[in-house]
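Work out the full structure, taking the sequences as your base and the hints as a guide.
There are 2 protein chains.
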Amino acid sequence: MEKTKDEFALIKRLQTMFTPKRPETIIGIGDDCAVLDLGATEYVLMCSDSICDGVHFIYNNSNKKLIGRKAIGSVLSDIASMGGWPIAINIDMGVPQYTSEKDLLEIAEGMRFLCDIFNVDIVGGDTTKANLLWISAKAIGKVEKDKLCLRTGAQTGDHIWISGQLGGSRYGRHLEIEPRIPEARWLVQNFKVNAMIDISDGLVADLFHILENSNKNAEIDTFLIPVHKDAKSLDEALYMGEDFELLFTLPKEESLRLMETKSEYKFYCIGQILDESQNPLLYARKQDGTTAPLEIRGFKHF
Amino acid sequence: MEKTKDEFALIKRLQTMFTPKRPETIIGIGDDCAVLDLGATEYVLMCSDSICDGVHFIYNNSNKKLIGRKAIGSVLSDIASMGGWPIAINIDMGVPQYTSEKDLLEIAEGMRFLCDIFNVDIVGGDTTKANLLWISAKAIGKVEKDKLCLRTGAQTGDHIWISGQLGGSRYGRHLEIEPRIPEARWLVQNFKVNAMIDISDGLVADLFHILENSNKNAEIDTFLIPVHKDAKSLDEALYMGEDFELLFTLPKEESLRLMETKSEYKFYCIGQILDESQNPLLYARKQDGTTAPLEIRGFKHF
Chain A
995 MEKTKDEFAL IKRLQTMFTP KRPETIIGIG DDCAVLDLGA TEYVLMCSDS
1045 ICDGVHFIYN NSNKKLIGRK AIGSVLSDIA SMGGWPIAIN IDMGVPQYTS
1095 EKDLLEIAEG MRFLCDIFNV DIVGGDTTKA NLLWISAKAI GKVEKDKLCL
1145 RTGAQTGDHI WISGQLGGSR YGRHLEIEPR IPEARWLVQN FKVNAMIDIS
1195 DGLVADLFHI LENSNKNAEI DTFLIPVHKD AKSLDEALYM GEDFELLFTL
1245 PKEESLRLME TKSEYKFYCI GQILDESQNP LLYARKQDGT TAPLEIRGFK
1295 HF
Chain B
995 MEKTKDEFAL IKRLQTMFTP KRPETIIGIG DDCAVLDLGA TEYVLMCSDS
1045 ICDGVHFIYN NSNKKLIGRK AIGSVLSDIA SMGGWPIAIN IDMGVPQYTS
1095 EKDLLEIAEG MRFLCDIFNV DIVGGDTTKA NLLWISAKAI GKVEKDKLCL
1145 RTGAQTGDHI WISGQLGGSR YGRHLEIEPR IPEARWLVQN FKVNAMIDIS
1195 DGLVADLFHI LENSNKNAEI DTFLIPVHKD AKSLDEALYM GEDFELLFTL
1245 PKEESLRLME TKSEYKFYCI GQILDESQNP LLYARKQDGT TAPLEIRGFK
1295 HF
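Those protein sequence lines, which keep their order, are chains A and B. Take any residue in the first sequence, count from 1 to its spot, add 994: that is its number in the working numbering. Take any residue in the second sequence, count from 1 to its spot, add 994: that is its number in the working numbering.
There are no misleading hints in this set.
Since the list gives no way to pick out one identical chain from another, each pair is judged satisfied if it fits inside one copy or across any two copies.
List time: in silico PhoX-like cross-link candidates among lysine-lysine, alpha-carbon distance up to 20 Å: (1) 1123 / 1006; (2) 1096 / 1123; (3) 1006 / 1096; (4) 1141 / 1186.
Hints in this document: simulated from the structure, not taken from any laboratory. Predicted model, so just to flag it, every value in this text is computed and none were measured.
As C-alpha cells, then:
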C-alpha cells in the first residue's frame, strides 16, 4: 500500500494543476485539512478520507461498528491535527451485495458513537452500488485564526512531541480510533504549537511531511519513543502508521512549560527540529549519543 | 439501480439516527445540500456525491475527461439547486490497477475544466487502492440567507418550472453535465423562488421530493415538457433522470413575471402545485384537460 515514486510525482502534478484561485482558500491541497476563510471569526477546515474493504479492513473479520467508527475517526483526527474542532460530516458509501441492512445499521451505529462523543452532526451523504464496501467521509470544522496548526510552522530548536504510544495499530487497534480532539484543543488553548500533524502514515513519514513543508532537519531520540504493547518492534512504532496520535512541535520554552504542566493528557517529547534544509534529513539518536539517518518510507495522501 | 422500499426505509432510519444536534446545522440530511450557519453573513452549503464504474459510467467506453467532469458536476448541480455558488471541492478516489497515470491526469483535466468555468478550488482529497474506479466529490458553497431554496417551500398555486429539456441523458449526455449555477443565481437574484431541486433522480421522482417535503399535490402538463432529442419517449423525460436541470416553483405572480422577462436562459413552465396533502399525489394533465395520477418511481439518495 506504500505509494511509489511515480505516485508521488503524480500527486505533485495534481497539486500544481489545482493551485487555489479563490480568495477564500487560505490553504488548498497539502495539509491535513484545507483552510478556508468564509467570513466568520474562525477559519473553516475541510477534509476527507476514505476506507475500503481489503485495504483498510477485512470486512468479514471486522466488527461492523468499528468500520463505521474508523470511517469517521480518521477525518476527526485530521481536524484535530489543525488545532480545530469538528462540526459536520458527509458520508458517501459504496454498498456491495454482501452488506446486509443489519450490517449497515451497525456501521451507522459506529459512526454515531464517535459523533455523540465529539458533538458532530452527520448532515448528508450518498450511497451507490459497488462490488466492495468503501466509505468516504468528509468533515468540516473550525479553528480560531491564531490557533491554526500547519505542517509548515516547525522552527529550528523546536521540541518534537507525540500524544501517545505508537506501533502495532494496524493489527486491529486502528479501528478503535480515538481522535485526539480534546488533546489538540487543550494544546492550542494553552501552548504555542508551531506545527502539528496526525500520525496516519507513520511517525517517520509524518514527521517528514512536517520537515518537507517547514524546510528543516530533525532528530528523534528513538529510545524515548513510547512503543505500544501491540507493536512487535521499534520499527513498527516508527513506520507502521494508523496510530492517529498527534505529532507536534513546540518552541523550547513552551516545551519546558508543557513538561511541568499537570494535565489529564499524556504527551511525550521525542526529539527536536534542527537546522534549515531544502532536502530534509531525519536522524535517529541512540541513548549513547550516536546518530544515523533514518530511512524515509510510509504512506502518503494528497 | 432504483432503490427498493427496504432501502427507502433504511434511509429514513438513518435520517432519524442522525438528527442534527449542533446549533450551526440549519438543515441536515434531507435536501440537496446541508445548510450550516458558521457565523458568516451567508449560509454555508455542504454536499457530496459519488460515481462508480459500472453504475454511473462504463470506464472502458468513457472519455476520461468526462468522468472527471461528471464527478464534479453533480455536486456543483446540488449547490445550484439551493440557489448558491460553489467555493471548494474535496475529491476522494478509489483507484484500480486498470487506471493508468495518463487516465488519472485526464480525469483531473475534466475536473479542472468545470472548476475553471465556475471558479471553484479543488482543495484536497485522498486516493486509495480499489478494484473499481470510484470518485466521491464533496463541495462547499454559500448562499445569501434570504435566497436559500429548499425542497420544503412549495406553496399551493405555485407554478412549476424547469431549466431545460429532459430525457435520454443516461445515453451519454449526463457525462457532459452543465451545472445550472448561472441560471440558479440569476433566478434567486431576480425572483422569489419558493422551492428548488436539481433533476438527478428524474422529473417525477424529484418533483415528488418537493411534494413530500412541502406536503402538497401537483399536476404537470405533460404536453408542455420539452423532451430532449436524445430521449426515445416522454417516459424518459419523466423518469430517466441525470438531466441535472433545475426544477423550481414560483408564486403565480412571479411566474407570470418570469414569462415576460428577457433572459439569456431558457426556462419552461410545466405545471402547478395543488392543495395540501400528507400523502402527495402527482397528476399528469393531457392537452384535452383530462388528468391521471402519475406513477412515482426513480432514484433516491439520502
